[in-house]
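Participant: Protein chains in written order, with UniProt numbering: chain A, 1 to 194; chain B, 1 to 194.
Don't read these hints as lab results, they were simulated from the structure.
Check before you lean on any hint, since a few could be wrong.
Remember, identical chains collapse to one label, so a pair may be satisfied in a single copy or spanning two.
Heads up, simulated DSBU-like pairs for lysine-lysine below, C-alpha to C-alpha not over 30 Å straight-line [unchecked claim]:
1) Lys187 - Lys20
2) Lys88 - Lys20
3) Lys187 - Lys88
4) Lys187 - Lys13
5) Lys24 - Lys13
6) Lys88 - Lys24
7) Lys187 - Lys24
Number of protein chains: 2
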Amino acid sequence: MSRTVDFILELDKLKSVTRKNRSKGSDRYENSAEHSWHIAMMAYSLQPYATTVLDMHRVVGMLLVHDVGEIDTGDTIVYATEGWEERKAAELEAVRRIFGMVQEPQRSFFLALWLEFEEAVTPEARFAHAADRAIPALLNLANEGQSWRENGISYQRVIGRIGPPIEAGCPALWEYLRGRLAEENEKGWFGEDR
Amino acid sequence: MSRTVDFILELDKLKSVTRKNRSKGSDRYENSAEHSWHIAMMAYSLQPYATTVLDMHRVVGMLLVHDVGEIDTGDTIVYATEGWEERKAAELEAVRRIFGMVQEPQRSFFLALWLEFEEAVTPEARFAHAADRAIPALLNLANEGQSWRENGISYQRVIGRIGPPIEAGCPALWEYLRGRLAEENEKGWFGEDR
Numbered sequence: 001m002s003r004t005v006d007f008i009l010e011l012d013k014l015k016s017v018t019r020k021n022r023s024k025g026s027d028r029y030e031n032s033a034e035h036s037w038h039i040a041m042m043a044y045s046l047q048p049y050a051t052t053v054l055d056m057h058r059v060v061g062m063l064l065v066h067d068v069g070e071i072d073t074g075d076t077i078v079y080a081t082e083g084w085e086e087r088k089a090a091e092l093e094a095v096r097r098i099f100g101m102v103q104e105p106q107r108s109f110f111l112a113l114w115l116e117f118e119e120a121v122t123p124e125a126r127f128a129h130a131a132d133r134a135i136p137a138l139l140n141l142a143n144e145g146q147s148w149r150e151n152g153i154s155y156q157r158v159i160g161r162i163g164p165p166i167e168a169g170c171p172a173l174w175e176y177l178r179g180r181l182a183e184e185n186e187k188g189w190f191g192e193d194r
Numbered sequence: 001m002s003r004t005v006d007f008i009l010e011l012d013k014l015k016s017v018t019r020k021n022r023s024k025g026s027d028r029y030e031n032s033a034e035h036s037w038h039i040a041m042m043a044y045s046l047q048p049y050a051t052t053v054l055d056m057h058r059v060v061g062m063l064l065v066h067d068v069g070e071i072d073t074g075d076t077i078v079y080a081t082e083g084w085e086e087r088k089a090a091e092l093e094a095v096r097r098i099f100g101m102v103q104e105p106q107r108s109f110f111l112a113l114w115l116e117f118e119e120a121v122t123p124e125a126r127f128a129h130a131a132d133r134a135i136p137a138l139l140n141l142a143n144e145g146q147s148w149r150e151n152g153i154s155y156q157r158v159i160g161r162i163g164p165p166i167e168a169g170c171p172a173l174w175e176y177l178r179g180r181l182a183e184e185n186e187k188g189w190f191g192e193d194r
């Protein structure tokens, strides 16, 4: 039990990993722990829009574990253009260390969820990715494009980067978002490419 | 879809509901959204210690939704001695409003999870309660009794309030915690009853 407790307290550190989005109407940048909760709830909420029957337990499990590696690596904005592969290798090393703190079978259970999410092949993983890619856009649409403007992310880059994974995982969500993003582009809520 | 998005953005407010515990080694009080993530991960981690076969999807779902009513009511320390029933009635009203924002069948799905947790009768709900009651103690043991000292909570009140639900839901966890709490009591990491 004391090893399990050490693992649980290690997870607590994800509450200190800061993301690029602010919580709606707040000055505080959100952290990866509350983000993980939010997209798990989002996935449940979007389930009626899934195009196939999904094992929601795996969807939710993937979303709860997908950012745990950031305890060691920190968060990187999805629009980063360099170092993505090195970053993914570092995250894998991180989750091997962190999940390695807990005993089997939980270690393999967590790692399998993390890998399924990263591989993004199963319908469950693609649905989970759609939620993860869409939530910053939803928060930005509610915050006048905050993280796009702060980080110099253009409309074209947003569309090109988040469109394909959201459409692949939850087409109805992309249909909705595409329209909203086009409207907001006219309001100037995007950055200039740097 | 736009109603679903409104609901998802309403949930964002749980990130601004402050609890009494600080994140380990941090000056910041944790919020109910990151707490909900943490105990869902805790439940997965503790699964090998369950005394019966559990539907972990329900356990995790209950833990993800159990604090959503605090968006309207705020957090109340578990050691509050008055107004508990009024508070629970207010939380029920709150979750009816909040879950009412999303369409069926998700509305009933979320409300059923919330009610199952509150009723604390099923093995899944009791296991979920054990995690929810134990995490403040684990954080306090890592933070020299921070929330107990700040709120004047004595050793006897901790034992009496969290012991029975933790023992009912996960006896091995209580066995461990009881020993840790007795050790820490000798270090003076508790408050004086007010």
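Participant: State for each hint whether it applies.
Facilitator: Going through the hints against the structure:
{"no.": "1", "hint": "Lys187 - Lys20", "result": "within (21 Å within a copy, 41 Å between copies)"}
{"no.": "2", "hint": "Lys88 - Lys20", "result": "within (18 Å within a copy, 35 Å between copies)"}
{"no.": "3", "hint": "Lys187 - Lys88", "result": "neither (35 Å within a copy, 43 Å between copies)"}
{"no.": "4", "hint": "Lys187 - Lys13", "result": "between (38 Å within a copy, 25 Å between copies)"}
{"no.": "5", "hint": "Lys24 - Lys13", "result": "both (23 Å within a copy, 8 Å between copies)"}
{"no.": "6", "hint": "Lys88 - Lys24", "result": "both (29 Å within a copy, 27 Å between copies)"}
{"no.": "7", "hint": "Lys187 - Lys24", "result": "within (18 Å within a copy, 42 Å between copies)"}
Checked against the numbered hints listed earlier, the structure breaks hint 3 alone; every other hint is satisfied.
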